[in-house]
Amino acid sequence: MNWWVGVRPQRVSAFGGCAVNRVIEGEHQVHDHATVSYEYKNGIRGTLQLCMFALDFPSEDLEMGIIGDAGMLVTRISRIEILQWKRGTNQKEPIVHKVIARQGEGWGNHLGFDEIHQEFVNCVLEKRQPLTSVRHCIDGTLLAIAAERAIKKGQVVTVDSEN
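All letters in the sequence shown, in the order written, are residues 1 to 163 by our numbering.
Warning: the hint list may mix true and false statements.
Simulated pairs of lysine to any residue, SDA-like, Cα-Cα distance not exceeding 25 Å [claimed, not checked]: (1) K153 to T35; (2) K127 to I138; (3) K86 to T47; (4) K152 to T35; (5) K152 to G68.
Because the hints were derived from the structure by calculation, they are not lab data.
Note that the structure is a prediction, hence the values are computed from the model and not measured.
From just these sequences and the hints, can you work out the full model?
Spelled out as structure tokens, the structure:
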């Protein structure tokens, strides 16, 4: 979300908890479901809905999407596709973009794992900047921490991303 928006997050509200999957005992239990809303300094807002006890891959269709003034993009993970709808058209079906990736390979069987790590190695060898910076990673972590705090406190949390 941060990478797409291009600015740092400002505020987060969230609800969630652990209903089914118990990973560890105690206060550091991992949430198996959550709904998180983000607000950015430029006014853009986003939402993450997470459910870790859905169907197992490849039966599930994890979705990630962007809705904007030009239309909408949505992933279809089970087929490794991006669906596109253009605003202002009479499109009945989405434009389908196939993504070339090895499905479910690599450590942990995460889609794209092999490609992501090979790209990192290529950036080091070719002395070029990766697509995602360390700042993006820090901001993503701060966003997750703020969501955890919002769930725990039951209130909107300001993201400390100035450091």
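Structure-based check of each hint:
1. K153 to T35: It holds: about 15 Å lies between the C-alpha atoms, which stays within 25 Å.
2. K127 to I138: 22 Å, holds
3. K86 to T47: Holds. K86 to T47 sits at ~21 Å (cutoff 25 Å).
4. K152 to T35: OK: K152 and T35 at ~13 Å, within 25 Å.
5. K152 to G68: 31 Å, violated
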